[in-house]
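Chemist: Below, each chain spelled out in residue letters.
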Amino acid sequence: MSEFEPKIIAFVCNWCTYAGADLTGTSRIKYASNVRIVRLPCTGRIDFMLLMKAFSRGADGVIVSGCHPNDCHYTSGNFHARRRWIVFKSLLDFMGIDVRRIHFAWVSAAEGAKWAEVVNSVVNDVRALGPYDGYKNLAPIAADWRIQDAG
Amino acid sequence: METNVYKPYLMRIAEITEETPDVRTFRLEFTKEDEAASFSYKAGQFGEYSVFGEGESTFCIASSPTRKGYIECTFRKAGRVTKALAAREKGDTIGFRGPYGNTFPLSDWKGKSLLFVTGGIALPPLRCVIWNALDLRDNFKDITIVYGARSVQDLVYKKELAEWDARPDVKLITTVDPGGETTDWKGPVGFVPTVLEKASPSSADSVALLCGPPIMIKLTLPVLSNLGFSPENIYTTLENRMKCGIGKCGRCNVGKYFVCKDGPVFTFAQVNELPPEY
Amino acid sequence: MLAKMRQKAKDLLSSGVVSTVIGYGEGSGNRVRALFIRKPDDADKLILDERCVQNLAVYLTKREVRALGRPAVVARVPVMRTIQQLMFEKQVAEGEVAVIGISPDSQVLDFPDLKSMAEYVSAIPFELSADEKAAVEKLEKMTAGERWNFWLDVLSGCSKCYACRQSCPLCYCERCTVECNQPQWVSVPSHGLGNLEWHIMRAMHLAGRCVNCGDCFRACPLEIPLNLLTQKIITDIADKFGGADEYALNAFKPDDKEDFIR
Amino acid sequence: MGKKTINVDSLGELFHKIKSGGKRILAPVEKDGVILFGEVASYPEVATGYIQTVFSAKEAVLPRFEEILRFSSEGRDVVIEEESNKPVPTVVFGVRPCDAKSLSVIKAVFERDYPDIFVQSKIDSTTVIGLSCVNSDEYCFCTSVGGAPGDTAGSDLLLTRINDANYLAEIITEKGESIVSSAPELFSEAGNVDKDRHLAQVNRQFDLDELEKRLPALFESPLWAGQSLRCIGCGACSFVCPSCTCFDIQDETDGARGIRLRCWDSCGFAQFTLHTSGHNPRGVQSKRWRQRIMHKFSYQPGELGTAGCVGCGRCSRACPVDMNILQHIKDILEAR
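Protein sequences, first through last, are from chains A, B, C and D.
All residue numbers for the first sequence refer to the numbering used here, where the first residue is 323 and numbers rise by one.
All residue numbers for the second sequence refer to the numbering used here, where the first residue is 28 and numbers rise by one.
All residue numbers for the third sequence refer to the numbering used here, where the first residue is 710 and numbers rise by one.
All residue numbers for the fourth sequence refer to the numbering used here, where the first residue is 38 and numbers rise by one.
Hints are not guaranteed to be accurate.
[What the hints assert, rightly or not] Over 10 Å on every C-beta distance to chain C, these chain B residues come out as not near it, computed from the model:
id, residue
1, K110
2, P126
3, P241
4, L254
[Unchecked claim] If you want the footprint, here are the derived chain C segments under chain D, 3+ residues with CB under 8 Å:
id, region
5, 780-788
6, 833-845
7, 912-922
[Said to hold, decoys possible] Per the computed footprint, the stretches of chain C lying under chain A, defined by three or more beta-carbons under 8 Å from a beta-carbon of chain A, are:
id, region
8, 795-804
9, 816-826
10, 852-859
If you're looking for bench data, these hints aren't it; they were derived computationally from the structure.
For every residue, glycine included, the Cβ atom is placed at its ideal position computed from N, Cα and C.
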């Protein structure tokens with residue numbers, strides 16, 4: 323069996339991290355290809371439901387990233403988001419959900435190198451953790467097909 | 028052998044007609060020949076159409092049972108399933124369960140005149156009856172159709188309306204609401220009840236089929252009554268939210284009647300006895 | 710105090726200030742139930758004892774109750790907090806509701822308006838009881854794996870009857886996220902995933918809003934301790950943001966502390 | 038078909054025999070102070086001393102969710118696969134006579150017109166070992182809806198505790214007979230037993246036929262709004278009800294593959310009848326409450342020949358706001 327390659331979904335804001343990730347590419351910095359980026363207007367728009375959906379749809383890890391504090395395009399979206407993440411992460415931990423698979427970062431439009439570093443470290447961490455079947459297999463269909471596929 | 032009543036036929040989309048920006052008609056063909064051969068239905072019946080992975084949606088069979096080998100359905104993009112359905116392309120596979128429900132008693136109407144009064148997206152259930160009657164034209168006397176929509180753009184089956192209009196054995200009046208006409212609109216402008224009153228078709232030896240939005244129904248009924256139609260001779264189809272289509276899921280009932288099983292076709296004599304739950 | 714509450718209800722009704730008094734009355738068995746008193750004479754049916762804990766603010770946003778006209782509501786501290794939150798969320802406006810306040814030591818309180826009720830209730834510290842704190846801490850001390858198994862186990866019985874949601878006065882949305890199907894955010898069937906998603910969502914949507922009245926837990930036919938989730942959030946908000954905000958997730962401080970964002 | 042007795046101490050052995058015969062056993066078990074039907078490995082796990090389980094035995098034949106279709110897409114084609122929903126041979130032990138009776142309501146709903154193989158096959162592969170009631174509470178009213186604490190209807194084998202050591206075992210059907218014949222050594226012939234002496238006393242509180250007769254005329258009555266003012270619109274009453282069968286159908290996918298699930302739904306929910314257009318025929322709670330009562334006591338008697346209520350009282354016990362069905366029915370009968 324080949325080595326497990328984690329699927330990582332990144333929810334990023336349009337103004338900082340998306341531009342930062344763009345810079346990573348234009349700067350020709352190589353980084354793990356396991357990540358799929360979903361661009362949203364602002365971290366304030368990143369509903370916690372999106373993170374849950376990512377896990378139930380098969381993500382093994384999630385990155386949420388946006389503008390540094392005080393740099394929000396909409397002034398305070400990231401401050402609101404930060405409070406929500408504090409509460410949400412703590413709640414997930416309280417429910418025993420593997421919070422080592424959820425990573426939050428501030429990555430500005432100028433931090434192409436930081437984006438690569440964030441993604442690489444998350445991919446490494448999650449690769450070590452293995453697939454997050456515990457979550458998605460809670461759906462009967464996911465569990466069922468997986469058993470079937472295993473033969 | 029017992030079969031799974033929730034298992035749909037697999038149907039191929041053979042043709043898509045864009046009726047209005049958000050209304051589409053699909054022609055569906057059976058993917059299995061034996062199913063096509065054994066399938067039959069009657070005017071007025073409906074089915075559950077499914078997009079696999081999204082769910083099922085209920086609408087009538089809009090084509091006539093006299094046309095074999097396919098069924099047609101017309102729907103408006105509104106909810107999860109109809110939006111997904113509208114995104115399907117020619118050649119895609121969707122599901123169909125049916126036919127369900129009761130039917131218009133066409134055979135009882137032999138020798139009578141038929142008056143169709145309908146508005147907007149409520150034409151599809153009557154289109155099935157119209158073609159059925161036209162394909163057996165000798166069985167009926169006059170056929171009159173009064174059809175209205177909010178605007179010219181909202182008229183469905185435009186090609187067929189032209190076809191019916193051209194036929195000498197059909198009297199078609201197509202109207203649009205005031206403000207909904209285009210510069211080249213030649214038909215009448217006005218609401219269905221008013222246009223119907225003006226046309227004043229005879230009720231002698233005639234039945235009326237009335238389908239439309241609640242407000243149109245409410246205002247048209249007195250007109251039909253004045254023309255001499257008794258509630259027993261005015262037919263309609265009711266709609267309620269459905270899931271199973273076979274009288275089990277429990278949501279489409281109007282009083283003790285399930286729209287899916289005891290309907291959808293009712294006369295107004297019956298409707299008048301129903302509690303207001305539709 | 711019972712006499713005073715009944716008198717107050719009578720006065721409110723006979724003076725025409727309100728058309729309904731929502732209070733507690735005897736129910737079946739040893740239970741109590743919500744009463745909707747329309748006539749001054751019926752005010753004698755009102756009772757008040759330790760069984761009277763349902764959060765009656767749930768009725769303030771119910772369409773058929775609103776149709777009866779202006780209500781007065783018998784309100785212990787959690788109910789008053791709820792009304793305060795409903796005001797903050799623009800669901801109840803000054804003048805729309807009269808409050809027959811009940812203090813923690815069961816005295817009847819007179820409030821000329823909702824503003825004075827809000828001032829009164831804001832002065833009472835909002836914190837979990839010692840038992841509630843202990844229950845939250847007990848879970849916190851477990852390993853993540855133990856907590857996961859704990860929640861899978863207790864939530865496995867959930868049938869999604871939504872008694873928790875319906876009993877909650879702050880779950881007043883006409884269309885709940887669980888009923889939004891484009892996309893289907895939460896799995897509808899009550900399997901493992903559907904139940905987990907539902908309870909995470911419910912708790913998160915109450916974050917910073919929940920007044921810890923306990924009705925969700927009392928309403929649950931299976932007695933699932935789902936209020937542990939909102940209690941955990943209450944603890945976190947107090948610890949991390951210092952509380953005192955009307956709606957903690959509607960606010961922020963530029964220097965909110967966390968230790969996990971890179 | 039016959040009356041036997043079985044010693045309390047032999048039930049362990051009976052369970053063992055049933056399990057070794059390849060059947061799973063569902064029985065009331067206690068979990069965190071709540072009594073529910075659950076799968077048991079041996080007799081000592083079975084709870085005792087309760088009036089009712091919170092959820093009924095209906096889950097054995099109508100689970101809260103079940104697969105009714107399985108499909109996968111390949112390009113433009115769709116393949117319908119064999120669904121995985123197959124009945125498991127089951128013995129449900131400790132079913133109250135009211136719950137046993139409810140199986141006939143479920144059966145009637147799912148058999149008529151379009152037979153539902155999923156429910157039917159589960160009913161066929163389920164054996165019901167009923168347990169007569171020796172206790173009742175103020176919420177019980179089985180005798181008012183045609184049942185009784187020792188009613189045999191719906192059970193395949195009905196046990197009644199007749200003394201500290203023994204149960205009377207009434208064999209009602211062939212399925213019951215096969216349970217007894219799987220372990221004949223555990224059963225003895227019953228002599229003359231006055232079963233009624235050992236049953237709970239549940240008094241008849243209203244006239245079911247009279248209720249059915251009165252309801253149609255009360256459709257527009259203001260009493261529905263009065264009764265349901267405190268109803269908060271949850272589905273607890275429907276979900277704990279042994280004879281509520283209304284359901285929803287939901288698709289779930291994993292990539293190109295998917296399943297269609299049938300899951301419990303409730304007429305108490307505002308969304309239950311909501312049209313896509315926004316129109317709702319039962320837009321307020323009073324109309325939904327009326328539907329619940331009408332369906333059970335007016336529509337279903339006409340359609341199925343049986344009321345959709347077995348008097349177990351679960352809805353009243355589970356209701357967070359004390360909507361007491363018995364009291365409401367009595368009030369309906371007094372309405373003029």
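Chemist: Give a verdict on every hint.
Modeler: Do the hints match the structure? See the list:
At roughly 7 Å from the closest C-beta of chain C, the C-beta of K110 (chain B) falls inside 10 Å, breaking its exclusion from the interface. For P126 (chain B), the condition that its CB be more than 10 Å from all CB atoms of chain C holds, with the nearest at approximately 26 Å. With a least beta-carbon separation of about 21 Å from chain C, P241 (chain B) lies farther than 10 Å from that chain, consistent with its non-interface assignment. Look at L254 (chain B): its CB is around 40 Å from the nearest CB on chain C, clear of 10 Å, so calling it non-interface holds up.
Counting residues of the region 780-788 of chain C whose beta-carbon sits less than 8 Å from any beta-carbon of chain D gives 0, not enough to reach three: the coverage restraint is violated. Only when three residues or more bring their CB closer than 8 Å to a CB of chain D does the claim for the region 833-845 of chain C stand; here the count is 0, and the claim is violated. Counting residues of the region 912-922 of chain C whose C-beta sits closer than 8 Å to any C-beta of chain D gives 0, which falls short of three, so the coverage hint is violated. With a cut-off of 8 Å between beta carbons, the region 795-804 of chain C has 0 residues touching chain A; three or more are needed, and the interface restraint is violated.
Proximity of the region 816-826 of chain C to chain A, defined as three or more residues with a beta carbon under 8 Å from a beta carbon of that chain, is not established by the 0 residues found. With 7 residues carrying a beta carbon less than 8 Å from a beta carbon of chain A, the region 852-859 of chain C meets the three-residue requirement, and the given coverage holds.
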